Structure formats: structure tokens, C-alpha cells
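S.K.: Here is how the chains run, residue by residue.
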Amino acid sequence: MSVVRPYGDTTDDGMVQVSFTLPIPPDARAEGAALALARKMGLDPATVVHTRGVGPDFTFFVVYGRLTHSVDLSEVPVAERDFPLLTPAEVNREIRARLRRRMVVLGACIGTDAHTVGIDAILNVKGFGGEKGLEYYREMAVHNLGSQVEVDELVAAAQRMHADAVLVSQVVTQRDAHLHNTRELADAVHAAYPSGPRPLLIVGGPRFDPGAAVELGVDKIFARGTTPREVASYLAHTLAGAAA
Amino acid sequence: MSVVRPYGDTTDDGMVQVSFTLPIPPDARAEGAALALARKMGLDPATVVHTRGVGPDFTFFVVYGRLTHSVDLSEVPVAERDFPLLTPAEVNREIRARLRRRMVVLGACIGTDAHTVGIDAILNVKGFGGEKGLEYYREMAVHNLGSQVEVDELVAAAQRMHADAVLVSQVVTQRDAHLHNTRELADAVHAAYPSGPRPLLIVGGPRFDPGAAVELGVDKIFARGTTPREVASYLAHTLAGAAA
Amino acid sequence: MKLDLDQTTVALARELARRVGEPVVDMAKAHTTTSVERAVLRLAGLSGADGDGLPWPNHLVDAVRAQVGLQHGVALPVWDALLRGQAGDLRELAEKSAAGAVQFRLPTGRDAEVARAAAGTAAAAGLTRVRARRTEREAMIAELGDPPRRPWIYLIVATGDIYEDIPQAQAAAREGADVVAVIRSTGQSLLDHVPEGATREGYAGTYATAENFRLMRAALDDVSRELGRYVRLTNYASGLCMPEIAALAGLERLDMMLNDSMYGILFRDINPLRTFTDQRFARQIHAHAGIIINTGEDNYLTTADAVSGAHTVTVSQLLNEYFAKEAGLADWQLGLGHAFEIDPDLPDSFRLELAHALLARSLFPDAPLKWMPPTKHMTGDIFRGYLLDGFFNLAGALTGQGILLVGMMTEAVVTPFLSDRDLALRNVRYVLDAAGALGEDFQPAPDGFIATRANTVLGEAIDLLHRIERDSLLTAIGEGTFGLMRRPADRGRGRDGVLAKAEDYLNPVADLLEGTADPAQWKGAA
Amino acid sequence: MKLDLDQTTVALARELARRVGEPVVDMAKAHTTTSVERAVLRLAGLSGADGDGLPWPNHLVDAVRAQVGLQHGVALPVWDALLRGQAGDLRELAEKSAAGAVQFRLPTGRDAEVARAAAGTAAAAGLTRVRARRTEREAMIAELGDPPRRPWIYLIVATGDIYEDIPQAQAAAREGADVVAVIRSTGQSLLDHVPEGATREGYAGTYATAENFRLMRAALDDVSRELGRYVRLTNYASGLCMPEIAALAGLERLDMMLNDSMYGILFRDINPLRTFTDQRFARQIHAHAGIIINTGEDNYLTTADAVSGAHTVTVSQLLNEYFAKEAGLADWQLGLGHAFEIDPDLPDSFRLELAHALLARSLFPDAPLKWMPPTKHMTGDIFRGYLLDGFFNLAGALTGQGILLVGMMTEAVVTPFLSDRDLALRNVRYVLDAAGALGEDFQPAPDGFIATRANTVLGEAIDLLHRIERDSLLTAIGEGTFGLMRRPADRGRGRDGVLAKAEDYLNPVADLLEGTADPAQWKGAA
Ligand code: B12
Ligand code: B12
Ligand SMILES: Cc1ncc(COP(=O)(O)O)c(C=O)c1O
Ligand SMILES: Cc1ncc(COP(=O)(O)O)c(C=O)c1O
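So the sequences go chain by chain: F, S, X and D.
For what it's worth, the working numbering labels the leading residue of the first sequence as 1, then goes sequentially.
For what it's worth, the working numbering labels the leading residue of the second sequence as 1, then goes sequentially.
For what it's worth, the working numbering labels the leading residue of the third sequence as 1, then goes sequentially.
For what it's worth, the working numbering labels the leading residue of the fourth sequence as 1, then goes sequentially.
No lab work stands behind these hints, which were simulated from the structure alone.
Owing to the predicted nature of the structure, the values given are computational and were not obtained by experimental measurement.
Below, computed lysine-lysine pairings styled on DSSO-like, alpha-carbon distance capped at 27 Å: (1) S/Lys220 to S/Lys126; (2) X/Lys501 to X/Lys325; (3) D/Lys2 to D/Lys325; (4) S/Lys40 to F/Lys40; (5) X/Lys376 to S/Lys220; (6) S/Lys40 to F/Lys220; (7) F/Lys132 to D/Lys376; (8) X/Lys376 to S/Lys132; (9) X/Lys2 to D/Lys2; (10) F/Lys126 to D/Lys376; (11) X/Lys29 to X/Lys325; (12) S/Lys126 to X/Lys376; (13) F/Lys126 to F/Lys220.
Whole structure, please, built from the sequences with the hints as guidance.
M.R.: Following this line, the structure appears as C-alpha cells:
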């Protein structure tokens, strides 16, 4: 079956759960508004199962209903891994064989974001999810600049160290901070490398959409639950591959 | 402001939460499908914040996103109370004054539904939400037939007792049981009273849409959180009113 | 972690329960029902239904009743007819009788002897099949093992379609369910026959049929092997066909059955005499089948208040225990019910729950109590519901409950979604793993809030038992003592299916189970 | 419900903390920072900023530093300049100095005396204003009353827009928050100046400014009156402007301030010397303002493991206590931090949490501990998150925490929605009302799991203190002892803003607070 619908307790019953707050007092009108909104989302029938006034001016709703929409899996853009998953040994071999020198990897948390756990999970030997971080890879020279790094500092460092790849983490997403910062970074890098080879630009963070790389002007986006090996494999595949 | 949008933590940020299960294994494609579905619901941007495989063939998702839809309050059909809320004393006075006899009210839980707490809450003296039930109203002769009453039994009883109003509860809604049973009841009543006055037909239950009365062929629907006084007021207003 | 209750008070409570229950047992012994008789035929091997789905056992019992009455039981007339060559076997006899082509009579003298013997052999054969399924279960448990620990995790599926139920049940087992219950379609309790075959059209539950039992048990056997842990199957011996369902459960190796002495009366408006009579025979079969019963005290707290009605739960548990043991069930088979139904907005509600749960635990130390989740105070606020279920799980762990029925955050909304069940199981796992052993540090102060409350409830239970002893249980039920449901003794469905036994009444199955039959046959059969 | 810890061990732990902390205090006493000097000017009444938003205190301090250096403090050059008529008041002086139109000098002899006196009077006036706000608070509490019970419910708002924060803070208070914290924009810690005015553009938090403080405090005063309960306001004395924020907090009657001795070093990469110096002065001001500080040990557990790192929390609490008391804070002002951050999948995780929370409770019996909710192990599974928060609340209740920071089910997703906060508060209410008094029945067995674990952690803490005493605190920080963050003493932001004090260094505020100033002025001022 290529077309799927949500599953509550029977095939194709289409059941979904929704919750939201409306900036109006809890009354019959509010319930009506919630239902109307649910219908616009495609819930039909929709039932408001919970209504709770939050202070005098807001109302929180829980709605259940049958979703009229469905998805054709054959039309779903899948962010499948487009590179082979290698072992650390294979990654090192690839780099040695193709790049014929150690790969220079620069990592940082830009802007005012101080969330380093994510980038450290990828870079530090300690690693993540049972996998060792990039520092563990003999053929990689990893420089972790830490957090709150200004974009131009980072670009300067990249040029100074002849970085092959620049890895940046963005965890704070309120007001799309991560998107703004990423675009700013992309512009700066492209400006700094008007012609000729430039380092691979990789961003990561829990709230990124892996599909948005092109749109944000970077080469690759890694999101929730990324493991170091995925990143290493991507680097080996892309850089070493290119060099070959 | 007549047009409202969901409120997360800032006016018009449109943030909503959605959860559902898709009948496909947890993988990149599933995430893509979930996102696609969320977009169809009008979430843009949408983020899948939680993915959990439920057995080998199903995946549960939690999605957050900004809803592009909004509601124009002026266009929301409001199920406002279209009758005055009276005190028991007023109700009794109304009935005495206009109907000039006690009002005969028949209550039951039809089909195989054995959930009597709801109808009892409305009928029994004990009542609900601090309000006494209809049995407490001197001018009402209440007959509670209990649960699991067959539709024809109920109709027969209505005719035998010259019921002014028939109150029916439906709590089980799986496979729209409540809707089927209500329609069946409505047909039976209309068939039994081909011409001339027929008893008011009132259904209630936690999952009914108060707006669906006409569609279901009944005179009034009471849903979640109904209190006896509302029902008594409606009866007095409609029946006594009509009689006047 | 128990309460030390005053043991003479506890003994008094049990003695009062006996005095209240005995007259009811005597009444049950003096009667039979259409369903009891049909159960006898089912155990003797009769199954199947006519084109309209009316089962052959119904046809045969109705025919016998019409011609010679049921007060003697079906056994004598039926096996007499077979011996007289009216038909080659029960099935043929049933079919012919449906066509009005059988002459039944009440055999006497020598004929009666032979008929009795033949019936006994048939009954023994049936009970032997039931026993075989029990041995089968014991073998599988010996091979695969029981759940690693208490409480057993009990999950419900309820799609109405056996073919949707099966994958869901298997998914539930894979995610940690030790017991799977398939609840029944809303209507089944009121049917005076057991539907046939695999069914797909139940409302809020799936019909209990022999075939559905078989399909689900087979599916669970598969996962049991896959998981290396015997997953138990539960259904409901309840409603107008209680004894027949009990028979089918024994024949299809179900492991637990919901079976309460009063649920049908209170919540299905089934006649009290009918219920008590059906129940006694059903429990005798459960005892033989090695099935664990679950009683329904939890239901009372959905219609009555869980604090003011707490003692009615205790009284009902004591009565269920008395009736169960009288019917031959052992302590390990008594999944006595209670529930986490106190209004969560009540101050100290959680401590009150602990007090009530501890009382049950301490009153019935050897019974695998069934701990039921919050339902009445669950609302559309699924987040709050999920939290309440977490505290329900904690109370279960702290008070050492035996069977934990997993609560669903959507309790007030829908019959559980697949995802609700998964979330619910992870809730249970978290609480048991993170805080399960907290009992070590949880010591109710001897005169503290919890111990005091438990003793108060026990005191109220004893007072109530005294009152019931005076007025009789049927009166108490008529007055709405349990769950506030008033059920007069002479009312309710299925009364016409109850008959006073005649002098020469014969129930070959009961005779074997009660050991009053000729042991020879029994051995012959075993 | 406490643990009885071995009191000599406890005494040893405190003694070791003193030995570890003393050298750091000496170091802090020997230095000043640009922010300390700006705080002095702010207390003396200087505020406002130029057209680009650079505050006048920054201009004035930079000018003085450029001309005569800061090693003597700003006070002498500044009041000397005023006495020499270079400007009518501080503001004018700052504006002129920004334009390079002021000649500063280091007064000597008689001139120095007069300048010192004038500075002292100005400082005293400032401190008197702070004291007045404190009296104001005490009066309001006397009139409206404190929260009816412990723990105080502490909620965060973080929209980035003060005008969205205000209604949300008021809503939170109406729904039961006793304390409201407005967290700061991600960037503020690194700003070397305090922004001015009402702000609407913070990221993941709202800028801390005098005007935002004033607006929010006024809004909370309104609800406090509406609710008949004094609602406290919290912000963050953290980052490069710690002392200035402390001064503004005192002037605008904030009630609590996040103020940790190491957070800025570890999580903002601020220079250790800068942090310790700023911190000491900031805490002296907090002491005077009657503000309760909250320390940040909870943060360590987001980068280090909550089990293996548990003892680092204890060590840090002991150090924070030492530094706080040295700066003049009393026990009731010490909201020492700890958190519910153990991996929930770890067996017995809840009992481990209880052990750690009880240890803190028992080590600091008179401090209003700040109990932080799970964050690190929160995921997009908001249902599980809501459950974890419930167990966090239970642990807080069972172990008698003083300040309970309300956890949000969306912790891993977004800064809290309005509805998240409401749901979270109802979670807290349920747990406290339903199970809050469960402590009565919760008695950790003397040699049981919980007591044993608590003593193990205390033991590890003492070993670590021994090691730190040997190597020095700065070395320990450099080696990543706390939160696994390695922060060498000579690195980090804001180092250039630190200066060794000269012989004739003058800080009129500190002198008054340390009681070394001429009491006459103090009285004159008081
Ligand atoms: C730990 C933590 C902190 C710690 C950070 C310590 C440190 N040195 O990192 C402390 C306590 C200091 C902190 C502070 C703040 N935090 Co914080 N914090 C968190 C928390 C609890 C966990 C984050 C984490 O460590 N996750 C674990 C890592 C391993 O996961 P990850 O980051 O997603 O990384 C993985 C993938 O995303 C990917 N990845 C990530 N980056 C990269 C980069 C590359 C190149 C690649 C290939 C992959 C990759 O790989 C990693 C492994 O799979 C989250 C809540 C939560 N549970 O998520 C809030 C959270 C991130 N914090 C938040 C906020 C707002 C703050 C503050 C700004 C609050 C304030 N105003 O004071 C402060 C200030 C810090 C700042 N200026 O940024 C918000 C962000 C809201 C939003 N979505 O915008 C969150 C979501 C909490 C909340 N709901 O409010 N925080
Ligand atoms: C109590 C209860 C029972 C009790 C019923 C006891 C009794 N005598 O009523 C017992 C334990 C017997 C029971 C059994 C079953 N139950 Co039940 N039960 C509930 C429960 C926990 C509470 C219902 C209740 O009493 N609400 C309180 C009353 C006051 O609220 P109310 O009914 O909404 O009524 C109010 C309004 O709706 C309105 N109203 C209602 N009726 C009417 C009528 C009129 C005329 C008017 C004016 C107003 C009105 O006014 C009332 C006051 O405000 C709900 C779960 C839940 N928390 O909602 C499940 C629930 C209703 N039960 C359910 C099911 C499936 C069953 C069973 C069928 C399960 C099974 N297969 O065995 C059985 C069989 C019963 C049957 N054949 O119907 C499902 C229904 C699922 C669905 N939506 O289809 C629920 C939702 C639980 C679940 N999630 O699975 N149940
Ligand atoms: C003891 C008991 N019996 C029977 C049932 C339901 O079975 P029925 O299908 O007869 O309603 C329940 C429902 O929970 C129960 O608790
Ligand atoms: C003790 C302490 N100080 C400061 C902060 C945050 O303030 P800043 O804006 O400096 O990051 C926190 C964050 O939780 C904290 O715990």
C-alpha cells in the first residue's frame, strides 16, 4: 500500500490528536472556533475532548478526529542517506588513500548559542550513542572552537587552518535563530571563498529539517540523533570522493 | 480582533501540537511521510519532534509546527444557548402556567449502551455539578427506563405514557454507534407519530456535536458537561413555550 | 509491605461473608439455567450453529425444555434420545430437534441408569479435554516461563474486529504485556446465545466466540514462543451465557476470565437468581480449567464514590472469595478487583488510594489482586490522564499488586489507540523500574493516615456485612448497596431461563466436578 | 524527613570547602573589574545610555580607565572631577567624558579625603535606596503574606518580548506561581554592558534591563495585590555584568537572582578571575538587598552524568555556601541548586534521585534549596516528559525542597508555551495535594538503598574536596572537574576587564557593606 493514513485502532480510521491554545476566553464561541480550526486542518469529524481556560483570555483545547488527508509514500521526498556508512577504519583508509593527508575539520557553536553538548557529541573522542567522535579518527585533525564563536572568527580560523570542513551546531531555534545564523554563516563563507575550493559547510541541531540544506546555503544538515559515524562517513565520501 | 490563530508563546505564532501513528516502519521515509501529512494539515514549518516505532509495522509521531490556518470568529457557528437559564422554581412555574399539567419526561439509554451515569446525572434527584436532577422538579413526571432499552420498547412506552419529551443517552461512540442508534431512534419516533404532536426528542452524550441535531433528526443535543438545569430550562422553554 | 490488621477482625469479616453467602449458594444449588444446560452440551462436544447463527446447543436445550422441561436437566432426555437411536450424535440430534423431528422423554429405571452413564462418560470426556488444555498451559509455562516479575502487565484490545485485534495483541505482548484481554462487544452480555465463528463487527469490543478464542490463543502462542514468555489470554465469563463462555474458555485454553458474582446483575441488569446460578457452575469449570478469575469490584467505583463506597469493595471482595472457594477455586485463582478511582482533586487522594490498596493486599495475602486504573476521573485532558496513570502504577508497585491493568490516557475519549497502549506500557515500565523497589522505604506509620484509613474501611465493611446478614444479600442488592445500582431480586433479564431443579435433576459435569459422580467413570475418563 | 548524616563528616566537608574557597576570596579581594566599577556608579545613581545604547556607566568607566587607570577604582577620580566642577552631576560628567571633555586625575591628600567622603555619601544614598526597596518588600509580604506553603512554585517566562512576558507572568501567578523568572536572551551574558529600556527582541529569553525589571515588578505587584500573596520576581546576576545586574536588581526590588560562583566560567566561557571578583561584589549587594540567590549546580548535570557527577554538585554547593556567607548572605538567602537529571532508563533512577535530593536537604537544613526539573533526558515525547515531571514533583515533595522550578513537557522542543505552563502547574498541584504529605510514610531504611547512596556521594565529595585543596580550585576548573567543562584560569572572556587593586583603591559601596567605611556617613545615609 503506497497511500497511507493515520492509524488509531483500525486500518485507515485516520485518527489524529491535536492540541493548541486560542487567544479567546473559554466559551461556546471558543469551542466553535476550535472545531472550525480543526476542520481546516482536515479533521472530519472532529471532537473537542478537552477545553481549559488559561487565565481570562486564553483557552487550551485537545481535539481528536479523523484526518481526511492521506500521504502517497511514492511521492514523499525521503532524506535517505546518500552515502555509504563506513567503519572508522574504512573512513581513515578512504582519507589516506584519496586525500593523501589528514582531513582538517573545524567545529563550533556560532552566535550566542552555548549549547556545546551536541557538537561535542560529534567531535569529542567520548562520542555519542556508543560511537567515538571524530577526534578518534586518526586521519582527521579536529579543532573544536567551542561555543559562542562569531561567524567571522570562524571563517578566519577556517582560512588560517585550511579547513576541509566546517561543522557548526545550532540548538536555539526560538524566532528561527538557527536559520538566521546559518544563513549568515553561509554568506560569510561564500564571500570569503569567492572562487576555488571552499570547505564543506555542515550544520547540525535537533530542530533542523535535513531537507533544507540547499535553501540555507550549506552542503549538509544533520538533525536529531545524528551519530559521529554518519558524519565521518559523509565527510570521507564527499571530500575524499571529490579529491579522487 | 475577529481573526484568531493558535497561540504558543507569542501572539499569532500559530503553534500547534499534533500526534498520530502511521502504519509504516520507523525510518527516514516514515519521517518524510509524517512531515508531508503535517504540511497537508497546514503546519508550516512543521517539525517532527518525536518518532517511536510501535512494533515492526507502525510509527508514532509527535509534531509541532506553525499553523497557516486561522479562524474568523465572526464566521464561527456558535452553539450558544438559545433559551433562558431558569431556576427550578421558574421552570415549575412555567410548566404550571403554560402546560397546565405535569410534564411527562421519559429517559433511557438505548441499544446496548449500559452507561447510565450520564442520563442518571440529568434525571436522578442526586443530579450533577451541584444541581438537582429533573426528578426534583415538582412539575415533571420523570420515568427513567434505565439502560439497554430497545428503540421500539422506548417508543411504545412514550406512546403509552403520553411522553412530552424523550431523553436518550449514548456514550459508546466506537464505529459511530451513537450516531446510528440516534438515527434509528429518530426514524422510529417519526414513524410512530406520522401526524400531530410528537414528543420532543433529546439525545445526549460526551461525544456528540451539539450542532448536529437537525442532521440526526432530533430536536436537541446535549454534550459534555451538561447540567440538569440546562435541560430543564430547555424543556420549559420549548414545551411550555409551544403550548402557550 | 503490608499492614498488620487485627486478625480476629479479619476472621470475623470472613465468617460474616460466609453467613451472607451461604443462603445464596443454597439457592444456586437448587436451580439450573438454560445456559448451564447448554454449557453441559458444549462440554459434551456439541458446537456449531444453524444458518441464522443460532447455536445448536440453544436448539437442543429449547427442544428439550419444550417437550419435557428443563427441571431434570438436559442430560437425561438427551442421552436417552441418543441411546434410543433418535440420532447418531449430539449434533445430528440438535439438528433434528430443531426440525421438530425428535421425541424426547424423561427416562426412568434402567433407561435412566444407562442414560446417566452415557451422559457421564460424555461429560468426563469433555472435562478431560479441558484438563488437557490446562496441562498444555502448564507445559508451555514450564517451557517458556512466567513473566519475570509481579505485577503482571494486563492490556486490553478492543477493536471489534478479531483480525485487527490479533496484530494489536501481538504488538502489546512484544512491548511487554503479560496478559492480553479482548473485551467484548457492548451487546454480547445480553445475547442469550454465544455467536459462532470469527467476527469483525463488534462495537467497542469483539464478540467472544470459540473461534475468536482459538485464533487469539494461537496468535499469542506464537508470540509467547517468539518472546520466550507465556502470554496469557483473558476474556469475559459474564452476561447471559456465563457458563457456556466458561466452558469455551476451558476448551480453548484461555488463562484468565473476568467473572464477578454481581457485575451482571448490577451493570447488565441480569436477574440475580440467574446470575448466581450461572456463576456457580461457571466457577466450577474455571476451577477445573486452572483459570484465574478477575472480579469486578472496580466497576462499583465508577457509579459510586470511591471513598464513601470503599467498604462496599471490601465486602464484595470477601463475598467473591467465599463464592469462589465454595465453587472450588484456590487462592492463586482469585484476581480480586479494586481500582484507583478516588477523585484526584481530593486532598491526600493518593494516600487514600494507598490505604485502600494496602487493605486489599493485606486481607488477601495469597490472591493475585487485580489493580484497575483510573477511569471515572479521566477526562479529555490526556496529559493529566497520563500523569494519573503514572501514580496509579506507583500505587500498584508500592502495594504489591499482582495484576496491573494498564491505564490509557485516552480513557475518556476512545477505545485505546495502538499508540496509547505503547505509551501506557512505557509509563508502567518507567514507574516499575525507577520506583518499583521504593516499597523498601515506604513504611506506613502504625497510627498514621494510611493505617488509620485502612482500619476505618475494614470497620465499615464489617458493619455493612452485619446489615446484609440481617437483610439478606438479595435485599442489599435491591437497595443499591453496590455501585448505587438498585436491582430487585425478581427483575432483570434472563429470569425465564432459570428453573428449580427437580428431584431427579442430573448435571453430569457438576457431579464429576463436585465428586458426587461414580468415580469409575471419572477415572475411565481421566 | 531527613537523613542523619555523621556530623563530624559534615563538619569536615565544610572545613574543606573553606580551605578551598579562601584563596579564591583573597584573589577576588585583590582585584576589581570594569563591571564592579560600573555597578558602583549605578548605585550612586548613574543610568541611561547614549544614542547607540552604550550606557553612561560604561562611558565613564572607560574614560577614567583610559586616563588614570582603574586600579584605584572609579570613585576617587570621578567624585574628584565632580568636586572640581567638571560637571554638575554624574550624568553630565559621563556625557562630557564620552566627548573627551573631562580631565580626570587621581586626587591626593586633602582632595582625596573630600572625594572619598563625597563618594561615600553618594554610595550610602544608593544603598539606602536599595534598603528602602527591601523594606518595601518586607512591608508587602507583611501585608499580603508569603506563599501558604513550601515548596514555592517557580515558573519561567521567556518570550523575548517584555510585553508578551508580562501577561504570561501574570497568568502564571494567577495559576499558582509563587516565583516568576524572566530568563535572558541567549546573548546577554556576553555583553559587556547592560542594555537600556523596555526590550522586545530577545532570543529564547528577554534582556535584563532596569526598565524591564521595573515593568515586570510593577505588573507582579498588581497581581500580588489581586491574589493576596506576594509573588516574587527572579532574574539572572550572571555574565560579564553580574555586579551591575545585582545593583539593578536591588534598586528595582527583584526578589531572587540566579547567581552562581562558577556558571559563567563553565557555561559562558567567562574568565575565572573576572567571575570570582564580580561574584563577590554582586553577592555583597544581594545580601544587602535581602535577595535570595539561586546557584547553578543543576547545570553541571546537563553536561556531566547525574550519577557519576553527583558529588561534584555537593562540592559546588558547599563552595557556593562558603562564598555566599563570606559575602554576607544568610542561610535563608541560599537557594542552592540541584536537579532531577538521572537517566530515567537507569534502574532505581527515582530512588537515586531521592537519595541525592535528601543529601542536599540534610546537608543544608536551613537553606531554601532550589529543585530543578529534568531537562537533559526530556525528549519530544511530551507525554513521557509530563510523567517525568510528575515524579520530579513527587521527589521534591518527599524530600522537602524549598523552591520547586516547574518542569515543562516541551523542554526538549520549545521555550514554554502558555499552555505548557498551565499543564505543568496542574501537574505540580496534583502531586503536592495528592501525595505531598506522603513523607509521613516515607522513611528511608537506615542502611537501605537511599541512605547508602547518600553517604557514598558525600564520601566522594570529601575525596574530591581533598584533591581540590591540594591542586587549587582554579586547577580543578581547568581540568573539567565541574560539568566536564575545561576552563583554564588564564582564558575566557572579560579577562581584560580585571585589574589588580592599587594600595589606594577605593570602593565606597564595598566599604560600607563590609563596614570598613566611616559609620558617620552610613548613619547619615540610613
Ligand atoms: C543542556 C542544555 C543546556 C545547557 C548547555 C550546556 C552545554 N554546554 O551545552 C545549559 C544549562 C547551559 C543551557 C542553557 C540554556 N539553554 Co538549554 N538546554 C539544554 C538541554 C536540556 C539539552 C540539550 C542537549 O545537550 N541535548 C543533547 C545533545 C546531544 O543533543 P543535540 O544538541 O540535539 O545534538 C545532537 C543532534 O542535534 C546533532 N547535532 C547537534 N549539533 C550538531 C552539529 C553538527 C555539525 C552535527 C553534524 C550534528 C549536530 O548531533 C547531536 C547528537 O545526536 C535542552 C533541552 C533538551 N532536552 O533538548 C535545552 C534547550 C536547548 N535550552 C534552551 C535554552 C533557551 C537555553 C538558554 C538560552 C535559556 C536561557 N535563556 O538562559 C540557556 C542559555 C544558553 C545559550 N546561550 O545558548 C532551549 C532552546 C529553545 C529553542 N528551541 O529555542 C531548550 C530546548 C530548552 C527549552 N525548551 O527551553 N541549556
Ligand atoms: C463509568 C463507565 C463504565 C461503567 C458504566 C456504569 C454505568 N452504570 O453507567 C461500566 C464499568 C459498567 C462500563 C462498562 C463499559 N464501558 Co465504559 N466507561 C465508563 C467511564 C469510565 C465513565 C463514563 C461516565 O460515567 N461519565 C460520567 C458522566 C456523568 O458523564 P457523561 O456520560 O458524559 O454524561 C454527561 C454528558 O455527556 C451529558 N449526557 C450524557 N447522556 C445524556 C443524555 C441526555 C438526555 C442529556 C440531556 C445529557 C446527557 O450529561 C452528563 C452530565 O454532564 C468512561 C470513560 C470516561 N472517563 O468517560 C468509559 C467508557 C464510556 N466506556 C467505554 C466502553 C467501551 C465500555 C464497555 C463497552 C467496555 C466493554 N466492551 O466491556 C463496557 C460495557 C458497557 C456497555 N455495554 O455500554 C468506552 C467507550 C468508548 C467509545 N467512545 O466508544 C469509554 C469511553 C472508556 C474507553 N475509553 O474505552 N463503563
Ligand atoms: C467483572 C466484569 N465482568 C464483565 C465485564 C464486561 O463484560 P460484558 O461484556 O458482560 O459487559 C466487566 C467489564 O469491565 C467486568 O469488570
Ligand atoms: C546559575 C545560573 N546563572 C545564569 C544562568 C543563565 O544566565 P545567562 O543569561 O548568563 O546564560 C543560568 C541558567 O539556567 C543559571 O543556572
